[in-house]
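*Asks:* Line order of the protein sequences matches chains P and X. Mind the numbering: the first sequence is residues 1 to 230 in full-length UniProt numbering, read in order. Mind the numbering: the second sequence is residues 1 to 163 in full-length UniProt numbering, read in order.
Hints are computed from structural coordinates only; laboratory data are not their basis. A couple of the hints might just be wrong.
[As the list claims (entries may be wrong)] Computed footprint of chain X on chain P, listed as stretches where at least three residues anywhere in the stretch have a Cβ under 8 Å from a Cβ of chain X:
hint	segment
1	8-22
2	51-58
3	175-185
[Said to hold, decoys possible] Stretches of chain X that chain P covers, calculated by requiring three or more beta carbons in the stretch to come under 8 Å of a beta carbon on chain P:
hint	segment
4	2-10
5	52-60
6	103-109
7	114-128
Ideal placement from N, C-alpha and C gives every residue a C-beta, glycine not left out.
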Amino acid sequence: MTIDPETLMAYADGELDEVAAKRVERAIAEDPALARQVEAHRALRARIAGHFAPIAGEPVPERLRTMIGNNAASIDEARARRSRWTLPRGNIAAMAATLVVGLLVGQAIDLNPAPVADRSGTLVAQAGLERALDTQLASEQPSGAATRIGLTFRDKAGAVCRTFEAQALAGIACRVDGAWQVRQMMGAEAQSTDYRQAGSAEMLAAAEAMMADGPLDADAERAARDGGWR
Amino acid sequence: MRAFERDLLALLPRLRRFALSLSRSTADGDDLCQAALERALNARGQWQEGTRLDSWMYRIMRNLWIDETRARARRDRTFAPEEEGLNVGDAGDRQIEAAVKLGDVGRAMDRLPPEQREAIALVLVEGLAYKEAAEILDIPMGTLTSRLVRGRAALMAELGEAA
Chain P
1 MTIDPETLMA YADGELDEVA AKRVERAIAE DPALARQVEA HRALRARIAG
51 HFAPIAGEPV PERLRTMIGN NAASIDEARA RRSRWTLPRG NIAAMAATLV
101 VGLLVGQAID LNPAPVADRS GTLVAQAGLE RALDTQLASE QPSGAATRIG
151 LTFRDKAGAV CRTFEAQALA GIACRVDGAW QVRQMMGAEA QSTDYRQAGS
201 AEMLAAAEAM MADGPLDADA ERAARDGGWR
Chain X
1 MRAFERDLLA LLPRLRRFAL SLSRSTADGD DLCQAALERA LNARGQWQEG
51 TRLDSWMYRI MRNLWIDETR ARARRDRTFA PEEEGLNVGD AGDRQIEAAV
101 KLGDVGRAMD RLPPEQREAI ALVLVEGLAY KEAAEILDIP MGTLTSRLVR
151 GRAALMAELG EAA
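Whenever a hint applies, use it, and build me the whole structure from the sequences.
*Replies:* This is the structure in structure tokens:
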């Protein structure tokens, strides 16, 4: 009686029903080589599983946990607003200060329309943010602009990237295929200057890490805009 | 916190493990996890209560990873003429990092074709039943088992656990 490799493996994994398992057991009893293969399957499985098991025991990075926590908070907050409850001011500030990307894409918060959309898995700027990235020059932006552009530079793949800061959102977007893909995103909270400064330093560091060679000066920035950011 | 978020939080350790076994690098794995969470939180309306949240999340993550690897392949092709040296250097660095972090098993997983690796990750690492894994990967059972057999044979050869 021959047992094909798939069936033998399924037996080793406990995937066979009783009848099929009995059939394999009879074959194993007659052929020690089959028994060794079953052992090898089980040893491999234990080794692979054991190798990755510690990852599931590690503490989960805070940024992943807060994504879920903030999502819950934003839903609760939206519900509270609808029912005209007032949350203590500090609470709202704290939530806003820890805003992360999961919140900002089409979630129920005060960004209408959302400045960022998920276009088949890629985050792209839209609405006011897209317009600012398209048209605004850092050297001559109005002081009351809703979105402020910081640095403009080329990344290592040659794409034009720009740092931006809006009321509830700051980050870095790069021009790819005619759209501004958002590469970095951090929450910004206008009232909380501490956070804003920390955010700016973080953003500068992120921008520097992405740059091919230094930020564009005002003339180069204008030339890049007039050339359609290519 | 509602049940959806609570269950998602509880799943996080397993999701990180799956992400790492797909991407073979801690940084890529956590980025993948983050992208999958974003996708899930935005698409939570599409998750049907009463179905398995873990299968749904594994599927999201796996599809994102396929998109990412395709995008990387495209980028590498696009910039190959000018930046060949650079890209080769990057790939080398990634491999070294992965190898240091992941050891023999990680290196052996690294050498598997992606379709065998994802089957191995779901069944051997995550402990899913064949049927569940086949549903997540959207392939017939027979395809799943043949990928598992070939993937395991390659791992055994690599790791010296000849059957």
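*Asks:* Now, for every hint given, state plainly whether the structure supports it.
*Replies:* Hints, verified against the model:
1. Proximity of the segment 8-22 of chain P to chain X, defined as three or more residues with a beta carbon under 8 Å from a beta carbon of that chain, is established by the 4 residues found.
2. With a threshold of 8 Å between beta carbons, the proposed coverage of the segment 51-58 of chain P by chain X holds, since 7 of its residues qualify and at least three are required.
3. Note: the segment 175-185 of chain P has 0 residues with beta-carbon separation from chain X under 8 Å; the three-residue rule is not met and the coverage is violated.
4. Using a Cβ-Cβ cut-off of 8 Å, 4 residues of the segment 2-10 of chain X lie near chain P, which meets the minimum of three, so the contact claim holds.
5. Look at the segment 52-60 of chain X against chain P: 0 of its residues bring a Cβ nearer than 8 Å to a Cβ of that chain, fewer than three, so the hint is violated.
6. With a threshold of 8 Å between beta carbons, the proposed coverage of the segment 103-109 of chain X by chain P holds, since 4 of its residues qualify and at least three are required.
7. Against chain P, the segment 114-128 of chain X contributes 5 residues with a C-beta closer than 8 Å to a partner C-beta. That satisfies the three-residue criterion, and the hint holds.
The structure fails hints 3 and 5 (numbered hints given earlier, in ascending order).
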